[in-house]
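Engineer: Below are the chains, spelled out letter by letter.
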Amino acid sequence: MRRWWLALCVVASVGAASDTRRSGFEFMTPETQAIQRDDAQNPAMLWVQEGAAAWERKAGTAARACIDCHGAAPTSMKGVATRYPAFDAATRRPITLGQRINACVVDRQHAAALVPESQELLALESFVAMQSRGLPIAPPEDPRLAPFRERGEKLYRQRVGQLDLSCAQCHDERAGGRLAGATIPQAHPTGYPIYRLEWQGLGSLQRRLRGCISGVRAEPFSYGAVELTELELYLARRATGMKIETPAVRP
Amino acid sequence: MARALITMPKTAKRGEIVEIRTLIAHPMETGYRAGDDGQLVPRDLIRRFSCRYDGELVFSAELFPAVAANPYITFCTLATASGTLQFSWEGDRGFSQTENVVLTVT
Amino acid sequence: MSVTRRTLLSAGAAIGTLLVVRPSYAEAGDLPSAIKAFTNGAPVQRGRVKLDIAPLVENGNTVPITVHVTSPMSATDHVLAITVLNEKNPQRDVITCRLGPRSGRADISARIRLATSQQLVAIAQMSDGSFWSDTVDVIVTLAACIETP
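Protein chains in written order, with the numbering used here: chain U, 2 to 252; chain B, 21 to 126; chain D, 35 to 183.
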């Protein structure tokens, strides 16, 4: 009996010790961390505030507000961001949270689709995703997502661009190292949409991916391209269990 | 209308020092940056921030291009009497934003 | 090198200098001049002012700073103004705040931009006409990839 208990303790402690995954938060200076920790200072809260207002605003020919169907967001949207990208039966492919919100805007509010990466869409996305702050990333175990996720992993490991680099080479093999003056993070999507100091604005994971792909001098996929969603899908699986920090601040 | 976020206590005791933290959405375009077309992006800044406590100016700041985008400014004021604190931001291209917060002083 | 080429090169260099775009704002001078302009030539003493900033900045776009000035902030003895000046940005001014006896405490914070590693100065103007300052050297590391926004 005692030996069984001891074995369980050993397994549990080894399991805990072997998770070497670290959020990008841990690679930042204390000053930048302080900006993220404080909602009064975090510039992303300006977008969240805008999203909160949009949540209650009637829109489209249906003259419907998000709150009319979903009620108070802290209740109805809690945990939602942890499950995206999810499989969308209508389009038969995975969709991101931002795309899901846009689908609602079009199908339920009968309003014009919001432009990808627009301030309006980012405001809603950051407001909705923030309702999952502190919850672990939990991608759905949907077999229909598998082929897309596998393609996402292939993309992650594929060397691209004039610099001929893959995501894996920097973010798996060299995380913690330096690229010029910056520390290379592990690339876990724990806080999106993020307020990135480099952008001096809020942006989605797709914007960050496009930025990195341009950075290795490859032609980036367009916003909304299935390849970007496939990458997001793989990154979410890779970050399963890590806590959502939205809205994060990153250098 | 630009989004602004003001964080301060809603109540204070007379004579207490109140810390006020303000955040406003604005690109603070310096005028030194080149856009994608190689041309300088025109300067577009918030120039002035002020706080009036029941009409009396208690704090003001002149902002320059070196102030980061989405300006964050914090300052202190003495809680004297219950009243309205009016925060104003003014800048280029006719930018003007005002926010009011009521402070109850006991 | 032939005389013709040498002449052309030096002429070209001269023209190049003339064509350098000068900013139209007056604040493009050096730090000592900017300090003198703020104090109107009055002397500045070190002390009473504390400029808090991280010694190593990971992104010069958004650098938190705090300035604290030791002062009773009474009707007869208080801080009138605090200015922050930089050494190597395109212009010297960063922010100038006006305070008074109603401030309670001479504490301000802001987030600023630093183009490169440089010196920063915070100067406080007191109600008795004196000026006090603090100076900090900051190292700014630059981003690896310049992205199009």
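Since the hints were derived computationally from the structure, they do not count as laboratory data. Any given hint could be a false lead.
Some chain U residues close to chain B (C-beta under 10 angstroms, calculated; not the full set) [said to hold, decoys possible]:
hint	residue
1	P117
2	S119
3	E121
4	A124
Stretch-level coverage of chain U by chain D, calculated; a stretch enters the list once three of its residues show a Cβ under 8 angstroms from a Cβ in chain D [claimed, not checked]:
hint	region
5	190-203
6	219-233
Label-pair restraints from in silico Cβ distances [said to hold, decoys possible]:
hint	chain 1	residue 1	chain 2	residue 2	range
7	U	Q170	B	T124	57 to 63 angstroms
8	B	G75	U	R84	30 to 36 angstroms
9	D	I173	B	N120	39 to 45 angstroms
10	D	I173	B	T27	39 to 45 angstroms
11	U	R84	D	G63	56 to 62 angstroms
12	D	D86	U	P141	44 to 50 angstroms
It should be emphasised that the depicted structure is a prediction, and the values quoted were computed from it without experimental measurement. By construction, the Cβ of each residue, glycine as well, lies at the ideal position given by its N, Cα and C atoms.
Engineer: Hint by hint, say whether it matches the structure.
Structural biologist: Going through the hints against the structure:
1. For P117 of chain U, the interface hint is violated, since its Cβ never comes within 10 angstroms of a Cβ in chain B; the closest pair sits about 18 angstroms apart.
2. At a threshold of 10 angstroms, the smallest CB-CB gap from S119 of chain U to chain B is about 14 angstroms, leaving the interface hint violated.
3. Among the interface hints, the one on E121 of chain U is violated; its C-beta lies about 12 angstroms from the nearest C-beta in chain B, farther than the 10 angstroms criterion.
4. Hint status for A124 of chain U relative to chain B: holds, with the closest Cβ pair at about 9 angstroms, below 10 angstroms.
5. Counting residues of the region 190-203 of chain U whose C-beta sits closer than 8 angstroms to any C-beta of chain D gives 5, which meets the bar of three, so the coverage hint holds.
6. Under the rule that three or more residues need a Cβ within less than 8 angstroms of chain D, the assignment of the region 219-233 of chain U is violated, with 0 such residues.
7. Between Q170 of chain U and T124 of chain B the C-beta distance comes to about 58 angstroms, which sits within the given range of 57 to 63 angstroms.
8. Between G75 of chain B and R84 of chain U, the C-beta spacing of about 51 angstroms breaks the proposed range 30 to 36 angstroms.
9. Checked against the given bound of 39 to 45 angstroms, the beta carbons of I173 of chain D and N120 of chain B, roughly 41 angstroms apart, stay inside it.
10. With their beta carbons about 31 angstroms apart, I173 of chain D and T27 of chain B fall outside the hinted range of 39 to 45 angstroms.
11. For the hinted restraint 56 to 62 angstroms between R84 of chain U and G63 of chain D, the CB-CB distance of approximately 57 angstroms keeps it satisfied.
12. Taking 44 to 50 angstroms as the suggested C-beta distance range, the pair D86 of chain D and P141 of chain U conforms, at roughly 46 angstroms.
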